[in-house]
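Kindly generate the complete structure, drawing on both the sequences and the hints.
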Amino acid sequence: MPLLLALPLLLVFVSTAAAIDEVTVSSKAELLQAASQAKPGTVITISAKSLPGGIYIENLQGSPDLPIVIRSLKPTNRCIIEGGIFGMQIAGPAHIVLENLEIRGATQNGLNIDDAGRSDSPAQHVLLRNLYIHDIGPNGNCDGIKLSGVDHLTIENCRLERWGKGGSAIDMVGCHKGIVRNCTMKSDPMHADNGLQLKGGTSEIVVSRCLFAECGQRGVNIGGSTGLPYFRPQGATYEARNITVEDCTFLSGIAAIAFVGVDGAIVQHNTIVAPGKWVIRILQETTEPGFVPCRKGIFRNNVVQIKKEQASQIVNVGPNTSPDTFQLEGNAWFATNGQISQRELRLPVEEKAGIYNIDPQLEGTKGGMKVATSGQLSGRVGVREQK
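Per my numbering, the very first residue in the sequence shown carries number 1; after that it's consecutive.
FYI, nobody ran anything at the bench for these hints, they're computed from the structure. Ideal Cβ positions, reconstructed from N, Cα and C, are used throughout, including at glycine. If a hint is listed, it holds; no wrong ones were tucked in.
Heads up, simulated DSBU-like pairs for lysine-lysine below, C-alpha to C-alpha not over 30 Å straight-line:
#, residue 1, residue 2
1, K39, K74
2, K165, K28
3, K307, K186
Restraint-style ranges between C-beta atoms, simulated for each label pair:
#, residue 1, residue 2, range
4, S27, Q61, 15 to 25 Å
5, E58, T237, 30 to 40 Å
6, G375, S341, 15 to 25 Å
7, N139, K277, 16 to 26 Å
8, G54, P75, 21 to 31 Å
9, G375, G227, 48 to 58 Å
10, G276, E385, 22 to 32 Å
11, D188, R343, 28 to 38 Å
12, S63, N357, 54 to 64 Å
13, K308, E329, 17 to 27 Å
14, L73, Q33, 10 to 20 Å
15, E309, E22, 51 to 61 Å
So, in structure tokens, the structure goes:
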């Protein structure tokens with residue numbers, strides 16, 4: 001798949017050389033001073049148990065071999081950044097790592113990473129690792145992590161809980177070439193809009209091995225509705241393009257996957273359990289002249305467990321879309337309270353090699369992810385074993 005070409009670009013963070021400068025800070029003022037003086041290779045370690053939120057840092061500029069790192073003293077003992085309109089905002093960075101931090105209680109967004117309003121000069125090479133962000137908002141469009149104009153990004157091993165009622169655990173606007181992996185997002189079906197949202201010209205993002213539990217209206221919102229001035233790049237004719245969501249688990253929530261103003265996306269090898277209403281939504285929310293209709297989505301080799309009475313309405317198709325360009329193939333459909341057929345599902349296109357009425361036996365878990373343990377399904381569909 002062409003999306004996988006983005007992954008080697010992210011590995012610059014894995015094998016960094018020894019730090020040129022190591023600084024330990026114990027207050028917000030010391031952190032801001034250290035950040036203002038940081039050079040490629042600087043590692044800023046926060047020894048304090050907690051810091052007040054509203055931390056704003058601009059123009060951190062590491063290098064490919066020597067990123068700038070901000071972290072807690074121990075991975076198992078995160079510094080708590082608490083309160084503020086935002087917990088922490090990093091504007092216009094390049095080659096940075098944030099790890100082992102907890103952010104809670106911000107009234108707007110927990111963590112902001114952005115291009116400082118310079119849409120032609122993206123923030124780039126950002127690694128977010130082992131963050132715990134929770135209890136953000138609670139009302140309004142308040143996100144756990146807000147990313148605007150970030151290229152070459154990795155978000156891994158992060159946990160996000162209870163973000164704003166109109167917001168997302170992770171919200172990307174105009175972000176490109178990145179991966180979100182091994183993350184957990186958990187809220188309440190009636191208390192959030194999305195688990196993960198990718199919109200505003202976002203492209204070439206892989207979402208892998210994440211758990212979306214009760215993530216509100218949409219577990220993953222591939223696309224969305226963005227004001228034209230906020231698109232990156234300007235002139236994009238799609239909300240999202242070349243997105244892959246794979247080997248993830250979706251538990252409850254109103255809808256698992258929404259394709260919204262998409263120009264190509266793949267959803268494969270996921271396990272979807274008990275969606276409140278829909279498995280898939282195909283929508284068009286941006287209808288400006290020149291925008292492509294939502295099209296070219298692929299939904300394949302997923303395990304879907306629903307109730308029989310949901311079968312006839314598990315796919316929601318809205319106006320101004322091109323559902324005939326979608327592909328469905330090799331998905332395993334199971335109702336917990338009766339037999340279902342392809343005809344009952346009323347899919348927007350005919351599915352190839354669909355599998356029906358084999359119990360995936362989802363009682364077991366592996367690494368926090370529900371997996372298909374049925375001998376007839378294991379390895380064929382649903383979350384794949386890691387090698």
